[in-house]
Amino acid sequence: MKTLLQITPGLSVRVIDFDGGINLRSKLTQYGIYPGDSLRLLRRAPLGGPLLVECNEREIALGRGVADKIIVEIETCESP
Amino acid sequence: MRIALIGQPNCGKSTLFNQVAGYKAETGNFSGTTVKYTESKVRVGGQVVEFIDLPGAYTLEAQSHAEREAASYLRSNEVDVVINVVDASRLALGLELTLELLPLNKPVIVALNMMDEADRLGLHIDGPGLQAELGTPVLPLVASKGRGVKGVFLKALEEGKNGHKSSAPKYKERELAGERHGQARMLTQKFVQQGERRVSHRDRFDEVLLHPFWGYVVLLFVLYVFFQAVYGVGQLIEPPLLAFFDAIMQGALSPFAADTLLSEVILGVMQGVAAGIAIVLPYLLPFLFGLGILEDIGYLPRLAFLMDALMHHIGLHGKAIVPFILGYGCNVRQSCPRGR
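For the record, the sequence lines run as chains A and B. Here the first sequence is numbered in our numbering, starting from 1235 and rising by one per residue. Here the second sequence is numbered in our numbering, starting from -17 and rising by one per residue.
Just so you know, these hints were derived from the structure itself, not from any lab. Heads up, some of the hints might be wrong.
[Unchecked claim] Below, in silico cross-link-like pairs of lysine to aspartate or glutamate (EDC-like), each with a Cα-Cα straight-line distance of 20 Å or less:
| no. | chain 1 | residue 1 | chain 2 | residue 2 |
| --- | --- | --- | --- | --- |
| 1 | A | K1303 | A | D1271 |
| 2 | B | K301 | A | D1271 |
| 3 | A | K1261 | B | D278 |
| 4 | B | K127 | B | D278 |
| 5 | A | K1261 | A | E1309 |
| 6 | A | K1236 | B | E161 |
Turn these sequences into a full structure, and let the hints steer you where they fit.
Okay, here's the thing in structure tokens:
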């Protein structure tokens, strides 16, 4: 099991769960990220900054703390 | 009749409101900028109606103060019709809010905004199909260009008069967030076709703008040009304005004897006004203008993205870079709450 923070840019992953309480969950669902959704990690900001992910046609910047709480699995056989 | 405008942040709701109300409401790029709601009486189709632009909300069940305000207002008897502005290029997300609005038992008009943006992304949306499925009017809109605005409002008036509510029983039940998410995705898959996405320059810009090295080079360059422009314009305007106020003050004080209380009070008042206009405004106005430009071209979120890590070292978020820059020019301006 990996967290989003451990993923290298360019990979597509599927969200398994959120490792946090109600505040984390509601914040992420408000941005439209749910367990079962596909994310693609576009880039990481340097100097320990946020991660830019693409989810359902949206680009969202997530802080590293939050990214470390999103449990994901790497998607094999992704369609282009 | 009261018509409420609701939509998620950055869907163009306030742009639509401005088109009709005709005066400036705040439209921002950082999420959640519309904290207060704005109201206006407008003549539509020969009738005077009241428009309420509610705060942007991702969902009615949310935690933030602004979103709770919007939710409680919608449920009250004060609202006759709801215009749900949805960003057409992000339909799946927008529909989650729409699915929360339909069970409220009020007429809902779904206004798909930014259709030009959806077109640019190669998305083809089956509006009539979606309308039939949801049982509520679905209309296209490009609020920034004024296209479709009249159609949306006339429809809202019509629905308000008829008291017509969603005719699709499937969507009248209050659902859990997870189910709404699933329904929204299902609806999107059914009624949105992904065509050829036109490759735009914007995507290529981000390669440079967010680059680990070049991004910061661009950032420093942008800030350098920005400040040079602000100080350049300011230094041009400040001396003539100061001279002007000096002349006025000389003229105004001449009838009064020097060193009297009255003359000191008059001097104080004039110096206060002069300081505001002649010292602050020459720098503040180009500053706000420049900031507006940066915001409109969409650079500010990229600035926040690049600066977030550094800002955290001093206990702030990347977003705080905006008041930070603001404060560099003038501390008073920085501590004014701006709701950003």
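Quick rundown of the hints versus the structure:
In summary, the hint linking A:K1303 to A:D1271 is supported, as the alpha carbons are separated by about 15 Å, within the 20 Å threshold. Distance restraint check for B:K301 and A:D1271: the Cα-Cα separation of roughly 26 Å exceeds the 20 Å cut-off, and the hinted pair is therefore not satisfied. Taking the CA atoms of A:K1261 and B:D278, the gap is near 26 Å; set against the 20 Å cutoff, the hint is violated. Between B:K127 and B:D278 the alpha-carbon distance is near 15 Å, which keeps this suggested pair within the 20 Å criterion.
Restraint check for A:K1261 and A:E1309: not satisfied, since their Cα atoms lie roughly 24 Å apart, outside the 20 Å limit. About 26 Å separates the Cα atoms of A:K1236 and B:E161, which puts this hinted pair outside 20 Å; it is violated.
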